[in-house]
Structure formats: C-alpha cells, structure tokens
Amino acid sequence: MADRRKPQDSEIDVYGLTHVGKLRKENQDHFLIASLNRQMLVHQTSLPDDAALAREPERMAFVAMVADGVGSGAGEEASRFAVQAISQYIMRTVRTSYAAYASDPNAFARELEEAALQCHAGVLERASQDDDRRHMATTLTLWIGLWPTSYLLQVGDSRCYIFWDGALTQVSRDQTMAQALVDQGVLTQTRAHSTRWAHVLASAIGGSQAAPVVTQFEQRWGLIGLLCSDGLTKHVPDDRIAERLATMTSAQQVCEALLQDALDGGGSDNITVVAGRTIKRD
Amino acid sequence: MTTRKPTDADIDVHGLTHPGKVRKENQDHFLIAALSRQMRVDRTSLPAGLHLPVRSERMASLAMVADGVGSGVGEEASRSTLLAIAAYVERSANAFYTSEAEDGDRFSQILSDAAMQCHADLVERGASGPGRGRMATTLTLWLGLWPHAYLLHVGDSRCYMFRDNQLSQLSRDQTMAQDLVDDGVLTQTKAHRTRWANVLSSAIGGQEAAPVVSRIVRDWGTVVLLCSDGLFKHVPDERIAERLRTMTSSQQACEALLQDALDDGGTDNVTIIIGRTIRPADA
Numbered sequence: 008m009a010d011r012r013k014p015q016d017s018e019i020d021v022y023g024l025t026h027v028g029k030l031r032k033e034n035q036d037h038f039l040i041a042s043l044n045r046q047m048l049v050h051q052t053s054l055p056d057d058a059a060l061a062r063e064p065e066r067m068a069f070v071a072m073v074a075d076g077v078g079s080g081a082g083e084e085a086s087r088f089a090v091q092a093i094s095q096y097i098m099r100t101v102r103t104s105y106a107a108y109a110s111d112p113n114a115f116a117r118e119l120e121e122a123a124l125q126c127h128a129g130v131l132e133r134a135s136q137d138d139d140r141r142h143m144a145t146t147l148t149l150w151i152g153l154w155p156t157s158y159l160l161q162v163g164d165s166r167c168y169i170f171w172d173g174a175l176t177q178v179s180r181d182q183t184m185a186q187a188l189v190d191q192g193v194l195t196q197t198r199a200h201s202t203r204w205a206h207v208l209a210s211a212i213g214g215s216q217a218a219p220v221v222t223q224f225e226q227r228w229g230l231i232g233l234l235c236s237d238g239l240t241k242h243v244p245d246d247r248i249a250e251r252l253a254t255m256t257s258a259q260q261v262c263e264a265l266l267q268d269a270l271d272g273g274g275s276d277n278i279t280v281v282a283g284r285t286i287k288r289d
Numbered sequence: 007m008t009t010r011k012p013t014d015a016d017i018d019v020h021g022l023t024h025p026g027k028v029r030k031e032n033q034d035h036f037l038i039a040a041l042s043r044q045m046r047v048d049r050t051s052l053p054a055g056l057h058l059p060v061r062s063e064r065m066a067s068l069a070m071v072a073d074g075v076g077s078g079v080g081e082e083a084s085r086s087t088l089l090a091i092a093a094y095v096e097r098s099a100n101a102f103y104t105s106e107a108e109d110g111d112r113f114s115q116i117l118s119d120a121a122m123q124c125h126a127d128l129v130e131r132g133a134s135g136p137g138r139g140r141m142a143t144t145l146t147l148w149l150g151l152w153p154h155a156y157l158l159h160v161g162d163s164r165c166y167m168f169r170d171n172q173l174s175q176l177s178r179d180q181t182m183a184q185d186l187v188d189d190g191v192l193t194q195t196k197a198h199r200t201r202w203a204n205v206l207s208s209a210i211g212g213q214e215a216a217p218v219v220s221r222i223v224r225d226w227g228t229v230v231l232l233c234s235d236g237l238f239k240h241v242p243d244e245r246i247a248e249r250l251r252t253m254t255s256s257q258q259a260c261e262a263l264l265q266d267a268l269d270d271g272g273t274d275n276v277t278i279i280i281g282r283t284i285r286p287a288d289a
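The listed protein sequences correspond, in order, to chains A and B. For reference, each letter of the first sequence is one residue, going 8 to 289 in this note's numbering. For reference, each letter of the second sequence is one residue, going 7 to 289 in this note's numbering.
Calculated from the structure, these hints are not laboratory results. Among the hints, erroneous ones may be present.
Unchecked claim - Partial chain A-side listing against chain B, Cβ under 8 Å, derived: (1) ALA41; (2) ASN44; (3) VAL49; (4) SER94; (5) SER275.
Said to hold, decoys possible - Derived DEER-like restraints, expressed as beta-carbon distance ranges: (6) ALA128(A) / ASP16(B): 27 to 35 Å; (7) LYS11(B) / ALA114(A): 41 to 49 Å; (8) GLY229(A) / ARG178(B): 52 to 60 Å.
From the three backbone atoms N, C-alpha and C, an ideal C-beta is built for every residue, glycine too.
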C-alpha cells in the first residue's frame, strides 16, 4: 500500500522548545529530537564518480524525548544525564527495523524497559556520590518511531498526547501518587489535581521507584504527537491543547502558541513542548 | 582471547590500482567502505558540545575488487558493478545490523542475490548497447561483520588470508583451467601456462555467473588481501606471504606488492586491497 510508505525527511514537521517559566530560576527540563541513521562511508575507491556513492544517510528510526529533572540543584543534571544515557543505549541496541522485531513484538518493549532501568541505576549511582545530588531524579517520556509502529516509554509525569481525527488522547499515564489514588478509587480525577499528591511522583528515573511502561501504537500519516513536561499541563487544559493542535500551521507555531498559553496561565514551572507530524507530499 | 570488536582506530586498510606497464586502460576498480549508524540531532536543549553524546558506530566493513573484461567496456562493467553492489549491500543493511542473531544463510543469500542481479543487468546492457559485445567483470567482495566475514566471489580475482604465518587462498579461481585441474585433467603447475588460464568459467555479465559465498571466522591480527590477477600473474604466493609477514602498514605492503608485479612485467592492471586489525598494546 502506497499509504504505508515511510515518510521522508522533508515530510516530517517537528519542533521542540523549553522555557524556564516565570517563577523558577533554573530550567531543569531537557528535550532531544533526533534520528538514527545509517550511512555508507567510503574510505577509499578507484571509482571516478564519488557522487553516485555519496547518498544521504537514511533515517532508520525517529526519536523524541522530554525529561523533567527533580531535586534542587541537581535536577538539571538528572534530566541531562537521562537524555544522554538513553540516547546512547538506543544507538547501541535498536535494531532499526520493524522487521527485526516482527517475530517477537515484545522484544523491543523489553529493550526499552531495560534501557530505562539502566538509566535509573546510573542516576542512583551519581546521586550516591555526594549529598547535593542525593535527591536528584527525572521523568522521561520517550517516543521512538519505527515506521509504521511507534513506541512510547514512560517514567514519571511528563506526558505524551496524540491528536488524530479531531480527537486528543493522552497516551501516557501520569505516574503520580494522585493518579495512583484515582486508579484505586480513593480520589476523583477532578479533585486529584488540587491535592498535595498531584505532583508527587510514584515512579521516576533516580527516584525511590522506577516503573517504566512501554506502549505501542500505530503511526499514521497526519497524526500529531505532542510530548510535554507538566509545566505545560499545569496551566493549559486538554481542550485548549486540542484546539491548538486542530488549528496548527507548523510544529514550531504550535509549540510557541502552547508555551505562550502556559506563560499566560502563570508559568509556575519549567515548560517543555515537542510537537511532530507527518505531512504527505505527493 | 580478545573478543572486543575492532574500532576504526584498530583497523589498518589500504587499496590501490595501477594500469600496469602494457595496457593503456585500467579496467579494474576497487572500493573500501564502512557501513555506519549515527544519531543525528535535529534539536535539543542540551548544551552545545553535548549535542552528540553518541558517535557514529561502524556496523560492517566492506571491501571489493572488480576486474572488468571486454575491450572498451570492461571498465564500465567493473565500475557499474561496484556501484550497484554497494547500493544493494547498503539497502540490505538492516539484515546485517541484526547480527546479534546472525543468520548466516540469509546473509549468504543476500550477497548471492546481489551478484545475480548485477549479472542480469550487465547481460542486458551488453545486449542492448549498440555495437557492444559482452561486458563482464570479476567481483571479489569482503563483508566484515565482526567476528565473522563473508566472502562473495565471482571470477578470478582473489582473496587471501594470512594468519599464523600461513598464507591461504580463500577464493577459488573460477577459470576453465581451474575447472580442468579440479576434474583431474590438468595439474595445478601446468594450468598456469595453458590458454585456459585466463578464460573465466564464471563472471558477472559472462556466459555464466556462479557466485560463491563463504563465511569466515575473524580474529585479531589476521591480514586479508584482495587482488586482481594482475598481481598473482607475476607475484607467486611465497612472495606475497613474505611481504605480508614483514609488512609495516597496509599501504606499505600494497605499494611493495605493486612494485613486485611491475618489476616482473606488469602485463595487466594491478589492484590490491590489504586490511588488518591491529591489537592495541595488549592489555
């Protein structure tokens, strides 16, 4: 099916930004948007037409992630370390082909969980090195696109939404104490926001517990993906996010508009937004 | 046993080609390349300098020699074959990257298919070109996927390996003379001198193409040599072994062997690729 063809670089519109907000002094959020490429590098040849060999590197996987550091002083280090460590892990292990996982669809999910746990161990080790870093931890929301499947790795309370067919869906589940209480029927969703448990992480990279969750979903042309830290969702409700995505003109425009909404709503925390979509050009 | 995979710094590889002293045109070609994967960062909040926490990683090493046959069109045959094979191998790279669960049969099939596809293309081009006869080429390809390597061979270029002070020819010459030797009709010694010595029984674009793929286990310190027949027509195996035993670098050995071939007459185009892994100061 022509529709299943993989998007080219020119058909991917993706953008990300981060902002310290209006109250905090330091930005402890980090994000990264990257692609995993393969390339043939010619060392030496007699061929006169080098140009015929100098093809553009081919994208094997698309990667986007948001990490929101926790812990005064060392939170930024935690999120930075997590983004770097998980990137290295992906680079080394991802088999960059959907077919490679076709025989065992859960293999990739297990690899991602393993990557998160290794990252968790790495942050804990750093935290043990001195007292200033003792409470450092970070959220991690990671999207890997291995067309036509996307995988989401979730630890903490940053979020991933998808916007498809006019509807906004939160793909990630907030790993907070409040959400856990809602799930157990102790709190209602509406009240949960305003309790003191709302921002207490039940799971974090470097926290007392890390419980990575991997979800898998089908990627489609025209689907919009959004990753963000809670600095956005504290101030901007889902229906506003849906409205922004429904009327977006570019990934950059919608990131900037949502950032402005969060700042206008108070900007009480660091704000990170990554938005991406595929646009078919034939 | 050193099981670590060699990094770029541990690899010493060089290639060269020369028209020889008699022929006007060089119809040989060679290519040395690496298949790599890398992370390209589009946008990030990480401070500059930390943008690329992940460097490009070598996934596979590729070396090829092709010796074109057919006056006027031989060069085109070897050139287009190397380009096509390089593209084919690159496209199939996914299969090679899954080498955690290396599937030797599948790799062999991919390489063999690549050769047969090139063969079909050349046969068609030879037939369709106005006033052009058959265009053909040999192809000797080395694909290193540590700790193994795959050798794809068509024709009479050669692949040698030098290990434990011993030179062994890994490829079998696909010539009429070698076929007669294998059938017991000729002795190896006499075979060189017959008129069948340089008649290919299998070639890309020839009457027949019979690609052979073999799988080799690699180890640190082995030296690999690929060459066209312009080298071994003039330089006997003992001399090649001596050059590899005393080599100081791949470039030095390539140049010394080329000079040996030229000194002995240089009647054909000479192409040589030498590669080795150098065990870092042993830990």
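Evaluation of the provided hints:
1. ALA41: holds, 5 Å
2. ASN44: Since chain B brings a Cβ to about 5 Å from ASN44(A), closer than 8 Å, the hint holds.
3. VAL49: Holds. Min distance 5 Å.
4. SER94: holds, 5 Å
5. SER275: violated, 19 Å
6. ALA128(A) / ASP16(B): 27 to 35 Å: Between ALA128(A) and ASP16(B), where Cβ atoms are some 30 Å apart, the hint holds.
7. LYS11(B) / ALA114(A): 41 to 49 Å: Since the Cβ atoms of LYS11(B) and ALA114(A) sit about 22 Å apart, the hinted range of 41 to 49 Å is violated.
8. GLY229(A) / ARG178(B): 52 to 60 Å: Check passed, 55 Å falls within 52 to 60 Å.
Taken one by one, the earlier hints fail for this structure at numbers 5 and 7, listed in ascending order.
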